[in-house]
Amino acid sequence: MKGLMKNNFYAALSSARVFSAIMLLLGIFVAAMDNVIPSLLIGYILSVIMGFSANGVFALDKENASRWRKYKMTAPVSRKQIVGSYFINLLLCLLTGIIFAGIFTYLSVSIHGFPFDRSTDVLNLFSVGISISLFMGAVFFPLFYLGGDEIVEAAFLVISLFSAIGIVMGIISLLNRFFGPKMTVEEIILGACILIVSSAAVFAVSYPLCVAIFRKKEY
Amino acid sequence: MEHILELKEVSKAYRKSDFKLDKVSFRLPYGAIMGFVGENGAGKTTTIDCILNTIRKDGGDILLFGKEMTDEDKAMKENIGIVYDGDNFPDYLNPMRLSDIMGGLYKQWDNGLFLDYLKRFNLPGKKKIKTFSRGMTMKLAIAAALAHRPKLLILDEATSGLDPVMRDEILEVFLEFVQEEEHSILLSSHITSDLEKIADYITFIHEGRIILTASKNELAYEYGIMRCRESQFKEMDKEDVVAFRKRDFQTDVLTADTKRARSKYRDVVIDRVSIDEIMVMLVKGERI
Numbered sequence: 003m004k005g006l007m008k009n010n011f012y013a014a015l016s017s018a019r020v021f022s023a024i025m026l027l028l029g030i031f032v033a034a035m036d037n038v039i040p041s042l043l044i045g046y047i048l049s050v051i052m053g054f055s056a057n058g059v060f061a062l063d064k065e066n067a068s069r070w071r072k073y074k075m076t077a078p079v080s081r082k083q084i085v086g087s088y089f090i091n092l093l094l095c096l097l098t099g100i101i102f103a104g105i106f107t108y109l110s111v112s113i114h115g116f117p118f119d120r121s122t123d124v125l126n127l128f129s130v131g132i133s134i135s136l137f138m139g140a141v142f143f144p145l146f147y148l149g150g151d152e153i154v155e156a157a158f159l160v161i162s163l164f165s166a167i168g169i170v171m172g173i174i175s176l177l178n179r180f181f182g183p184k185m186t187v188e189e190i191i192l193g194a195c196i197l198i199v200s201s202a203a204v205f206a207v208s209y210p211l212c213v214a215i216f217r218k219k220e221y
Numbered sequence: 002m003e004h005i006l007e008l009k010e011v012s013k014a015y016r017k018s019d020f021k022l023d024k025v026s027f028r029l030p031y032g033a034i035m036g037f038v039g040e041n042g043a044g045k046t047t048t049i050d051c052i053l054n055t056i057r058k059d060g061g062d063i064l065l066f067g068k069e070m071t072d073e074d075k076a077m078k079e080n081i082g083i084v085y086d087g088d089n090f091p092d093y094l095n096p097m098r099l100s101d102i103m104g105g106l107y108k109q110w111d112n113g114l115f116l117d118y119l120k121r122f123n124l125p126g127k128k129k130i131k132t133f134s135r136g137m138t139m140k141l142a143i144a145a146a147l148a149h150r151p152k153l154l155i156l157d158e159a160t161s162g163l164d165p166v167m168r169d170e171i172l173e174v175f176l177e178f179v180q181e182e183e184h185s186i187l188l189s190s191h192i193t194s195d196l197e198k199i200a201d202y203i204t205f206i207h208e209g210r211i212i213l214t215a216s217k218n219e220l221a222y223e224y225g226i227m228r229c230r231e232s233q234f235k236e237m238d239k240e241d242v243v244a245f246r247k248r249d250f251q252t253d254v255l256t257a258d259t260k261r262a263r264s265k266y267r268d269v270v271i272d273r274v275s276i277d278e279i280m281v282m283l284v285k286g287e288r289i
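Keeping their order, the protein sequence lines are chains A and B. In terms of my numbering, the first sequence is residues 3 to 221. In terms of my numbering, the second sequence is residues 2 to 289.
Treat the hints with care, since some could be wrong.
Residues from chain B that face chain A, not an exhaustive set, calculated with beta carbons under 10 Å [unchecked claim]:
{"no.": "1", "residue": "72"}
{"no.": "2", "residue": "75"}
{"no.": "3", "residue": "82"}
{"no.": "4", "residue": "87"}
{"no.": "5", "residue": "88"}
{"no.": "6", "residue": "91"}
{"no.": "7", "residue": "92"}
{"no.": "8", "residue": "98"}
{"no.": "9", "residue": "99"}
{"no.": "10", "residue": "101"}
{"no.": "11", "residue": "105"}
{"no.": "12", "residue": "107"}
{"no.": "13", "residue": "137"}
{"no.": "14", "residue": "138"}
{"no.": "15", "residue": "142"}
{"no.": "16", "residue": "155"}
DSS-like cross-link-like pairs, simulated, lysine-lysine; straight-line CA separation at most 25 Å [said to hold, decoys possible]:
{"no.": "17", "chain 1": "A", "residue 1": "8", "chain 2": "B", "residue 2": "129"}
{"no.": "18", "chain 1": "A", "residue 1": "8", "chain 2": "B", "residue 2": "127"}
{"no.": "19", "chain 1": "B", "residue 1": "217", "chain 2": "B", "residue 2": "239"}
{"no.": "20", "chain 1": "B", "residue 1": "21", "chain 2": "A", "residue 2": "218"}
{"no.": "21", "chain 1": "B", "residue 1": "235", "chain 2": "B", "residue 2": "285"}
{"no.": "22", "chain 1": "B", "residue 1": "129", "chain 2": "A", "residue 2": "72"}
{"no.": "23", "chain 1": "B", "residue 1": "75", "chain 2": "A", "residue 2": "218"}
{"no.": "24", "chain 1": "B", "residue 1": "235", "chain 2": "A", "residue 2": "72"}
{"no.": "25", "chain 1": "B", "residue 1": "131", "chain 2": "A", "residue 2": "4"}
{"no.": "26", "chain 1": "B", "residue 1": "131", "chain 2": "A", "residue 2": "64"}
{"no.": "27", "chain 1": "A", "residue 1": "82", "chain 2": "B", "residue 2": "68"}
To be clear, the hints were calculated from the coordinates, so they are not data collected in a lab. Even glycine gets a Cβ: it sits at the ideal position worked out from N, Cα and C.
One chain only, chain A, in its complex shape:
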């Protein structure tokens, strides 16, 4: 398992290097800019969280160019562990995105003050970014194992990302309808928790589903 994690790390690192540099520069720019209109900060929080997650997922594509996917199966690891390593890798990439977003949001707020109406708005942004990332992974991994080698992984990534955005928008619409237009702070926090818990639950369910699909696959 340690070897699988290391491989995933190197794969993610190879594709995330450029992305990290861009996000670092963009983060500095966001922190340096006036945040009276917080759209730049909102865009940064969402893109850095979802971007790192997408990067972690897209790293899988790199190993498919070789026989590594098949080779790994002959190593002393089970198929369950191989799938598990991808899920953990996504969570680690998501965590990296959250840390990036957290650092530059903190810097922006420290330098220019709090730009949102309520403190819960930041929580909402993070919960939306995290939920989209988790839903994306939950959709992507089963598709990745179902699709086989003949379908381009990038297509799955786009499908997964749009599906995840759609699901999150759907849940938000339902929450707005349920709680009404003037939500209390408690309702907003509950809404954010519902988003994260539901996406985490779907992500967790996706894991055994992927293992079941992968066990039937032949390479």
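Use these hints to put chain B onto chain A, whose structure you have.
Below, chain B without anything else, positioned relative to chain A:
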């Protein structure tokens, strides 16, 4: 337990193709090298995939170290080294990072041994795999397969596409590997000259069926090709004919017992036969 690997009537069919493995059976003893020979698409890789559980067999038994291997059987997998044809590892790695990964996968990983092989094969440790030539990637795969100290080495067309000097170098490594009594190699290849140099046993597969499995000595000393006229061929006993091929003015007959054939058919020329010729006779020739 005399055999490190034993296949008993292994079958595998595909829904989307007519190809199938048809009751494939052979046994690889400890301390031996088996050449697994067949033309492209004969079923060599499918058989190896069944052995390694990357595809599921439909029927039959595959015993590795005397036991069936499951997906969870990590201890058994530790003892198997694999080399596939082409790029075995992702190109974003370099050999040192590969070693780091392999060390996390295999408990028996010996980094010192891996570095020794890198040195022996003149492979750079910190250069990315994507810059490697085909020969270098194959050498790296062989170094990685040997560095976790397996007992069974399975190579799927690992020497194809390499120049003769490089192939010779690699064959030497294989011969060193089988110096240990409990080490064995299954080497799938269609380069029969390699197998003539190092294999103890040769198994021929054609259209998913094993058509012959024998020791190399048996093939070299007991098999032969009788060059005969039509009339001579007609008078031959069926049991002396493994396969035959009719040419313009003669018929080539593959026999499994040259000594007997020499004593029975004194006016027939009998030549020694190479593995290549046996393969051609078995694949292209007719059976009685």
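For the hint on residue 138 (chain B), does the least C-beta distance to chain A fall short of 10 Å?
holds, 9 Å
If you draw a straight line from the CA of residue 8 (chain A) to the CA of residue 127 (chain B), is it 25 Å or shorter?
Holds, because 17 Å separates the two Cα atoms, which is no more than 25 Å.
Quick check on residue 101 (chain B) please, does its C-beta sit within 10 Å of some C-beta on chain A?
Residue 101 (chain B) check passes; min Cβ-Cβ to chain A is 6 Å, inside 10 Å.
How about residue 72 (chain B): closest beta carbon in chain A under 10 Å, or not?
Where the cut-off is 10 Å and the nearest Cβ of chain A is about 5 Å from residue 72 (chain B), the hint holds.
Given hint residue 72 (chain A) paired with residue 235 (chain B) - CA-CA distance at most 25 Å
violated, 51 Å
Is the interface hint satisfied for residue 92 (chain B)? The criterion is a beta-carbon contact with chain A at less than 10 Å.
Status holds, d = 7 Å.
Is the Cα-Cα distance between residue 21 (chain B) and residue 218 (chain A) 25 Å or less?
Distance ~19 Å between residue 21 (chain B) and residue 218 (chain A) Cα, so the pair holds.
Holds or violated: is there a CB of chain A closer than 10 Å to the CB of residue 105 (chain B)?
For residue 105 (chain B), the interface hint holds, since the closest Cβ of chain A sits about 3 Å away, which is under 10 Å.
Against chain A, run the beta carbon of residue 87 (chain B) and see if the smallest gap drops under 10 Å.
With Cβ-Cβ at 6 Å, under 10 Å, it holds.
Quick one, is the residue 88 (chain B) hint okay against chain A at 10 Å, beta carbons?
For residue 88 (chain B), the interface hint holds, since the closest Cβ of chain A sits about 4 Å away, which is under 10 Å.
For the pair supplied as a hint, residue 82 (chain A) and residue 68 (chain B), is the alpha-carbon distance within the 25 Å limit?
Given pair residue 82 (chain A), residue 68 (chain B) holds - Cα atoms ~22 Å apart, limit 25 Å.
25 Å Cα cutoff - pair residue 131 (chain B), residue 64 (chain A)
Holds: residue 131 (chain B) and residue 64 (chain A) sit about 12 Å apart, inside 25 Å.
In this structure, the earlier hints numbered 13, 24 are contradicted, and the remaining ones agree with it.
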